[in-house]
Structures are given as structure tokens and as C-alpha cells.
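Throw the hints in and build the complete structure from the sequences for me.
Chains as they are written, first to last, in this note's numbering: chain A, 1 to 257; chain B, 258 to 676; chain C, 677 to 1161.
If you're looking for bench data, these hints aren't it; they were derived computationally from the structure. By construction, the Cβ of each residue, glycine as well, lies at the ideal position given by its N, Cα and C atoms.
Simulated DEER-style distance windows between Cβ atoms: (1) A409(B) with Q1138(C): 55 to 65 angstroms; (2) D925(C) with R111(A): 34 to 44 angstroms; (3) K299(B) with D725(C): 35 to 45 angstroms; (4) P404(B) with I757(C): 48 to 58 angstroms; (5) R128(A) with D1109(C): 23 to 33 angstroms; (6) R736(C) with K299(B): 23 to 33 angstroms.
Okay, here's what each chain looks like letter by letter:
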Amino acid sequence: MTNMLEIKDLHAEVGGTEILKGLNLTIGEGEVHAIMGPNGAGKSTLSYVLSGRDGYEVTSGSISYRGQDLFELAIEERAAAGIFLGFQYPVELPGVSSTTFLKTALNAILRQRGEDELDAMQFMKRLRTHTKALNISDDMLRRGVNVGFSGGEKKRNEILQMALLEPSFAVLDETDSGLDIDALKVVAEGVNALRAPDRSILVITHYQRLLDYIVPDFVHVLANGKIARSGGKELALELEENGYGEYASGTSGIEAA
Amino acid sequence: MTSENYQAQLAENVPQTDLPWLADMRQGAADRFASTGLPDRKVEAWRYTNLKPIRAHLFDLSLGQSVNPPPALLADSLRLVFADGQLVSCPDNLPAGVRLDGMARTLAEDPGVLNGHLHGIQAIRDLPLPALNNALSRDGYVLILEPGVKVAEPIEILFLSATGATYPRNLILAGAGAQASIVEHYLGTDDCDGDYLVNSVTEVYAATGARLKRYKIQQDNPATSHIATLAGQLAADAVLENFDLNLGAKLARSEIHMALQGKGADVSLSGVYLLRDKQHCDNAILMDHVVGGTNSHQDYRGILDDKAHGVFQGKITVQPDAQGIEGHQLNRTLLLSDRAEMDSKPELEIRADDVKCSHGATIGELDETGLFYLRTRGIPEAEARQLLMTAFIVETLGHIDDDAIRGVMDALVSDWMAA
Amino acid sequence: MSYTTETADQVSSIAGEKYKYGFVTDIEMDLAPMGLNEDIVRFISAKKDEPEWLLQWRLRAYERWLTMEEPKWAKVQYPEIDFQDAYYYAAPKSKEDGPKSLDEVDPELLRTYEKLGIPLLEQQMLAGVAVDAVFDSVSVATTFRKELAKVGVIFCPISEAVKDYPELVQKYLGSVVPYSDNFYATLNSAVFTDGSFCYIPKGVRCPMELSTYFRINQANSGQFERTLIIADEGSYVSYLEGCTAPQRDENQLHAAVVELILLDDAEIKYSTVQNWYPGDADGKGGIYNFVTKRAACRGRNSKVSWTQVETGSAVTWKYPSCILQGDNSVGEFYSVAITNNLQQADTGTKMIHIGENTSSTIIAKGISAGRSQSTYRGLVRMQPGAKGARNYTQCDSLLIGDKCGAHTVPYIENRNRTAQIEHEATTAKISEDQLFYCRQRGLTDEEALSMIVNGFCKQVLQELPMEFAVEAQKLVGISLEGSVG
Chain A
1 MTNMLEIKDL HAEVGGTEIL KGLNLTIGEG EVHAIMGPNG AGKSTLSYVL SGRDGYEVTS
61 GSISYRGQDL FELAIEERAA AGIFLGFQYP VELPGVSSTT FLKTALNAIL RQRGEDELDA
121 MQFMKRLRTH TKALNISDDM LRRGVNVGFS GGEKKRNEIL QMALLEPSFA VLDETDSGLD
181 IDALKVVAEG VNALRAPDRS ILVITHYQRL LDYIVPDFVH VLANGKIARS GGKELALELE
241 ENGYGEYASG TSGIEAA
Chain B
258 MTSENYQAQL AENVPQTDLP WLADMRQGAA DRFASTGLPD RKVEAWRYTN LKPIRAHLFD
318 LSLGQSVNPP PALLADSLRL VFADGQLVSC PDNLPAGVRL DGMARTLAED PGVLNGHLHG
378 IQAIRDLPLP ALNNALSRDG YVLILEPGVK VAEPIEILFL SATGATYPRN LILAGAGAQA
438 SIVEHYLGTD DCDGDYLVNS VTEVYAATGA RLKRYKIQQD NPATSHIATL AGQLAADAVL
498 ENFDLNLGAK LARSEIHMAL QGKGADVSLS GVYLLRDKQH CDNAILMDHV VGGTNSHQDY
558 RGILDDKAHG VFQGKITVQP DAQGIEGHQL NRTLLLSDRA EMDSKPELEI RADDVKCSHG
618 ATIGELDETG LFYLRTRGIP EAEARQLLMT AFIVETLGHI DDDAIRGVMD ALVSDWMAA
Chain C
677 MSYTTETADQ VSSIAGEKYK YGFVTDIEMD LAPMGLNEDI VRFISAKKDE PEWLLQWRLR
737 AYERWLTMEE PKWAKVQYPE IDFQDAYYYA APKSKEDGPK SLDEVDPELL RTYEKLGIPL
797 LEQQMLAGVA VDAVFDSVSV ATTFRKELAK VGVIFCPISE AVKDYPELVQ KYLGSVVPYS
857 DNFYATLNSA VFTDGSFCYI PKGVRCPMEL STYFRINQAN SGQFERTLII ADEGSYVSYL
917 EGCTAPQRDE NQLHAAVVEL ILLDDAEIKY STVQNWYPGD ADGKGGIYNF VTKRAACRGR
977 NSKVSWTQVE TGSAVTWKYP SCILQGDNSV GEFYSVAITN NLQQADTGTK MIHIGENTSS
1037 TIIAKGISAG RSQSTYRGLV RMQPGAKGAR NYTQCDSLLI GDKCGAHTVP YIENRNRTAQ
1097 IEHEATTAKI SEDQLFYCRQ RGLTDEEALS MIVNGFCKQV LQELPMEFAV EAQKLVGISL
1157 EGSVG
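Put into C-alpha cells, the structure is as follows:
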């Protein structure tokens, strides 16, 4: 069986500063992994390298996604291939209604996969099945993407997109930041509903709290640009107890982006 | 007046000098002015201001007078006093690394420190009024700060005028990391006939990391004309804060040219104009972001009563490849009278893409709802009006972070409102 | 379905296609001798069989024009125009006798308009849109005239209106834009050849959209059309215009004049999608679009709304204006100006508030890409009598790429204490975060760009009638092709 993701000796720079310094990580199909780590460890950098953002320069190493070299793919090709990034700070798109955006994105991905696009009716039908579960109002769908959304609404909107785009591999970057406990539960339930044998999820978080609700199969500690330690879900509890003190030395203090 | 008339008048009035560079400069400026004359309203920069009233006074050069200057505005300030354009008093105990003196005396004693800087700022060199100033100026102040010098005392310059035309020529050279606060105060004497002209130029060179604060208080007599040009050049990380309080003169023009030439340079220009009767005040600003990584702010607010006419023309220019710019501009005006008039022209000229620039302008009357609200709470109408007017300009006054100077400004503002 | 979805779809389906209206129609033409002089003015007037008063008006304009200088204040640069090196009259030969009905229009012309997406045969047309098709110097067809006549709406070429409704034309022509107004309007007054005329009688709500489709085809010719719309008391009309031209290496001049007159309680909604040939990527060729448009809200409670989407032309110089004379009259200006490659646009509006409680809204969106320069220039003036008048202006500029420029030059003049003016403007570059976010969700560069720019322009695009909105959305995407990546 091919792994979902294999990262080997990954080095990456931002603005000439090396942030990832030899990261190794393998994620199997259907697995949920959590990456935890102190600020500045390179967590967000990893999510941007996975999604192909400009300015995040890979200097050596490889990432293989379902057996394919990820670096050969442009940002949108990665999206079409099933990689989804849930943003820590979802971007506002004034004037672009959420519905339009979702339909355009879904059809773009279907098109790139060589599948039939959905017409307005089919799309709305599909959309409705997801909005209800995530408590997303029609009003939110009419507004500009993320414009005027509360922190919780923005994160729910990210999960809605994930549900709709049905990725094979989702990276959730600090999805818990800025959420109160109720909002966190709604988001976590949304994510749990999307767990599937052919879908892998990488949860990036600073706090253990989220992992009470999205229970990972594996937990890794990212520190100073490398995986410093790996373990089961109990590792998260240990970190909660002891903090990141022992991993903090040598961090550059740059939490890129 | 024809070009020949100007030539003749200039030939008579350009001061003599033994310094060849200075003679050349004055003659060049005189020729320049003779060829252009005063700009009329067809010139875009003068679209809203008619210079006709000053034409008759241009060569009515005043020769100074003996006066009793009023007390200083600020305690413990280093104070220079000019009467009708000529230096009459100068502090003798100056901190180390500070040269603060009259322009005429500096030209006589140590002209080398001025060469290359005097009339050196390209942006204003060819403009008619600065050129005329350069040709005819006899005095002004010179402030030279050695690198790293931080002047603790405020520097206060009083230009007291009673008659004729004066052409103050001022120069500020701040060395790297130097710091100072300067107040330029233009004031009319109580007993003069009032119809005089001031056409001043202040050039500012701020070297790397220098930090300057300049405050200008314009309280010339109500029948006079006051034209002032401020030109600044800022090197990397230099900071200039300028505040203009316009209260006096019948015709006032404050023109500011700023060139942000080094990364990290930061200019903040703010001003308040309070006008009544037939006063006319024109604030014209050109903010030139020559290189990337520079920031600027403009905040001008005014209150116009009676038949007053206010003008604001502010322009932000971002040169090609000057990336990473923030430039903001705000102009707000209150009209108190049916015959007052405000013209505002905030302008952006952007030739690089990594910018965040904005401008905003509002013109309107006092908030009647607010007035009503205050009166229902028992505040008499006059007082309520004053409160709302003060509230309208208080944010702009807030740019003044020196308590003593803020106190002076607040007092002048409330005097105007109470009048 | 929303506009932007459509746009993205359409942009991708026509990828690679730069200017699809660049073809030339091969048709036999009737041309005036090249150049401009008094005889040419007389020639045009004679061709149109005009009354003496109009000839005299043209001649006065021509005399005046000779004394005028080209305006230089706009932030646009182009080589000196040789006004003698152009044809001032070019009409399809088949037009000579004038088609009596649509069935008699030269099939070549019908094919041309069909190719432009404007079928002129009524059975093929979009229901609810009447079209006047102006080809070079003449109107070649006007559809749905009978339908409109039933409710008293006059919609015809202005050359016909001069003959059929002389009292209306004589009363209103030049009453909003006098022949002496400005260099290009004066030139137009001397040599205008055709254009649309429209009169909406008292109390009539025009039952369909009226539109004029302008096409420049002939090489070395200019187009000087004149549009006159009169909305009588309590009437309403929505009017659209579209413009295209073949792809040529030489620049061609388009100097139009549009006059709108609104009486009490009348409303005109005037929309433009301007897609003249913009020149190639190196700035060769393209139309000089020097246009004077002005609306006079003479009546109380009248309302005029200008909406423009300017994507074409090498150089645009255009300030659709509102004279708000009637008390409570309303002026609106919604504009999107997109420049790419070496295009230059200097456009905006004038809102002259004369009457009491008049109000105006200006929403201007400028998008600059490539090495282009885009300027918003606007005037808001509150006259002493404009008691209680209001203006709100918002102009935003978006920069795509580091070689273009965006400029904002507003003039704000208030002579009435009780009048309120609010003006806001911003300039910023297109957000990398937004582009990345869209691409992470699967959109290509160009789809992402088109979607973000359409979002940026939404306030303006939603003002367009549906039929035009789709076209405009599409244009936004196409105009920016090649500006990212």
C-alpha cells in the first residue's frame, strides 16, 4: 500500500532563513496525525510548503504524495489532487460571495480531475447537505467570503469547504485558534465526520485542547525545524503537562507567516 | 507687472555679496523669477489662490525696526527674534554641537557651512516664490545639529512683522541621529498698519536617523499676506513631524514639499486652520516617496466662518520601484457660515504596486444632532458649539506630543473660538 | 447564478483569446475626401440633407474649433494627432439609399453584428432590447421601432430625428454640451455623422432596454457620434451602449458627445461597456476614446445614473457628468476602468450640485496591470444654492504588477454650509493572500485574479442591466489576461 504522504529530509527557507531543517514524516491512508510544537518551530511553514505557497523555498529533501512528487504540482493542481489546507487565518475576499466561490472552486477541481461539473441546482443540493451540519446560515453564504465573519464562522467556513471539496489529505493549521469551546466542538465534529479510511488528516496545533475532540492516531513534536519526538495520543497529554520547555532551545523565534 | 519691470526691481534689491557662489545663486533665482513672474490661477498649484494682493508689495523691502518682543511662548527655550526680517536677538548659551544663528551673520562669518544646502532642494528651486525669496532674502535662521546631538530645550524663532515685505530664509541641517524641536512663530505687531508681506522659505535636511519636530504658528496681522514654503529631504530612518497652526493673515499659503529619500524615513504633517472674515488659507502639500520602505501621514482640519475660504491640496507621489509604502491623508473641514467656502484636492499618484495609500476628505457643517444632545444636557449653545468645534480638531492637535507646545496651541485655539 | 462564477467559466473557455472583435468587415464604403476643412463639414451636412440651422451650427463649431487647443491636463500621453490624416465620413455604400426595413440591411453588416453578438433581425434578438447599430459614420439599423412607437417612445438615428422631429432636436441639441464646450466636443459638433436619438414621453416607462452598438470598421477614420436622450416628466429609460473596433496598427479617434436631459421626476440609467480595440501588448494601435458625456437633471426629483465598464481603448479621456439643477435630483456614477499593457485611462465624473437637497454618489474602481496608467479625476461642486446637498465618493485603485500606475485626482468644492461631502480613496496592490487562498481551493491564477477583481468591482457591476453584466464580467477577466504569473 502506498502511503498518503512521505516527507524526507525536508529543508525549507523563508526570506533566506532556514525554518525546516531536515523534517521526516510519513502519514498512512486514513490516519490522523497531529503536529504540535512551540511558536516558531515551523508548523505554519510546513503547511505552506505542503500547499505550495510562493516564498516558501524548499532547498532540499522530498515530499511524495500518493507516490507522486509534490513539488511538480502548482498550488491549484495540488488542490485538485486532493490536498486541502485549512487556514489559520482564513482570507477575506470582499465582493466574492461564498456560494460563488465554493461553486467555482468545486467545479475547478472537478474539471481538473476530468469529472463533470455541477450545475447550479446540483451544486446547491450538495452544498445544503453540508451547511446544515455546520450550522452555516444562508446569510453567511450570501456575504463575501469570510468578510465580516466571526472567528468561529471563519473556521466553520473552512470546514465547510473541506467537506465540499472532499480532499484526500487535509492539513488543518491551528484550526482551534480564536475559538471558544462551543465553536471548537462544532468544528471538531465537522472534522470527525470527515474521517474516512481513504482520507488522512494532519492537525497542526499549539494546544492539546483540540486533540480532546479530534483524537489523533499519532502525535509529533515539531521543534527547531525537525520532528523532535513522535508517539501516540498520550504524547499530547504529556506535552500539556510539561510544556514545550525541553524543545524550546535553539528555536529561531520566527513563526513564519 | 512685466518681466522688464521685475528685472529692474530685482536688480535694485538683490543684496550684494562678495561670495561668488552666493552672488550666482541670487542672480540665478532673480532671473528665474523675472522669467516666470507670479503664478496665476491657470497654474494648477495655484488653482484656488489668487496672488494679486501681494503684487504691489513684493519690492517694498522693509529695513527692520526696533521693537519690544513679547515674552517667549515656551519657558527655557532657545529663542531667536527677527523684527521685519532681521535678527535682533539670539541666545548666547548654546548646547555643544548646536549652531543656532542668523542667516546673514552665518553668511558673513562662516558661509562654507551653507554652501550646497542653501537653496539646494531641487523640488522648490524653480518655483517662483521660493526663487524670489532666494533672490531677495537678507536674513533668517540657521540651525545646524552635529550628529547625535539631542537638544533638550525647544528652539523658538519669532518673526515679528510690522511693515513692508520680508523674505526670511531658514535652514535646518540635522546630522545623523540628531534631535530637536523647533517652533517658528510668525506674529504681527499690535501697532502696525498691518499691510505687509512675509514670504518665507525653510529648508530641512535630516540625515540618517535624525528626528525633528517643527511647529509653525502663523499669527500675522489680519490684513497681511503670508506665504511660507517648507522643503524637506529625509535620509534613511529620519523622522519629521510638522504641525501648522494657521490663524492670521488675510492671504495665507503654506506649501510643503517632502522628499523621502532613505528607507525607513517617516513624515507626519498635520495642521489646523481657523479662519473668519475674508481670510483665505491654502495648504499645499507634495509628499514624494522617492524610495521604498517609507511612510507618511497627513491630517489637516479646519473651521471656516464668515466669508473665509479654505484650500487643501495634498498630493502623495510614489515613484516607480518605491515598494513597501504607506501614505495616508485626511482633510476635514467644518463650515460655520453660509458664505464660507472650502476647496479640497487630495491627490494620489502611485507608480509602484506594493503600497497602501489612502485619502479621505469631508466638508460639512457642525453636527446639529450633537449640538441638540449637548443642549438637552444643559450646556448653553455657545459652549456646546465650542465643545463640538474643539472635538472636531482635537485629534489633529493630538499629533503634538510635547505638553508645553500642546498647551500653547490649545490656548491659541480656544482664544480663537472664544473671539 | 452569480456573475463571478460565470466569469471564471467564460474566462477559462476563451483562454488565449485576446481581443475577439478585432476582425475587419470587407464592405464597399462611401468616403468623404481625407482631411478636415469647411468643405468637409458642408459635405457631411449635405450627405445628411440637413436643415440650414444645423449646418450653421456645425460651421460655428468648426470656426471655434480652429481657435482651440487640445487639452493637456489629463495624465495621458500620445503622439500629436494629425487631424488632416483621417476620413470624417465613412458609410457602407449599401446605406446610400437607406434600408427601408431591417430585411433590406446589407447581409454583410448583419453578419458583422451577429459576429459581435448583436443579432439585428428581430426574431433572433434578445427580447426586450432595442438596438441602434452605428457602423462607422452611419446608423445601419434600428430594431423594435414599431414596438416602441406604440407607447410613444422615439428611438432612431439622430440623422433621422433631425428631419422627423426637428423641434425636439433644435431645442435640445447642444443644450447640455454646447458646441464650444471643449476641444473634442467642439470637433464633434462640427463633424458628427450619426448617433442615437431617444425621446421618452411624459409618464412612460420605456418597455425595453434601448441600446446602441458602435462599431468602427473603416481604416484611417474617426467616429464622431452624437447621442441625445430626452426623458420627459415622470418617464424612465435604461439605455446601454457597446463599442468595438478592428485590430489595426494605427490609432483611430473616437470623439463622441452624449447629452441627456431629464425633466421632473424622470430617470435615465445609462450604461456603457467600452471595449474599443486597446492596441497590442507593445502599445501599437488602438482607439483614442475622447468622449464628452453630460446629463442635465433639469427637473425636480430627476435621477441619472451613469455606469461604465471601461476595458478597451489605447487612451481614454472621459468624464460622464451630472448637472443637478432640479431640487432633490440625484446623480450617480459607477465606474470600472481596467487598463493593461500600455493602455492609459483618465476618467471620472463631475457632479455639479445646484438645486436644493440634490445628492450624488460616486463609486469608481480602477484596476491597473502591465505598464498601464489609470487615473480617476473627479469634481464635486456644491454651489451656494445647494442647500442640504450630499455627496459620497469612494474611489479604489488596485495595482497588479509593479510597472503600472494608479492615480487619483479629486476636486472637492463646497460653497454651502449645509452641504455635506465625503470622499474616500484607497490604493493597494492585489493581495497575495487572496490569490493564494483561491488557488489553494483549486482555482488557476487567472481564475483567481478574475474572481478577486470581479469582487473588487462588484458594487459597480451590479448596477449594470443583466444582459450587460455577464458581458462585463467576462471582459474583466479577459482584459487582465497575461497580467499574472
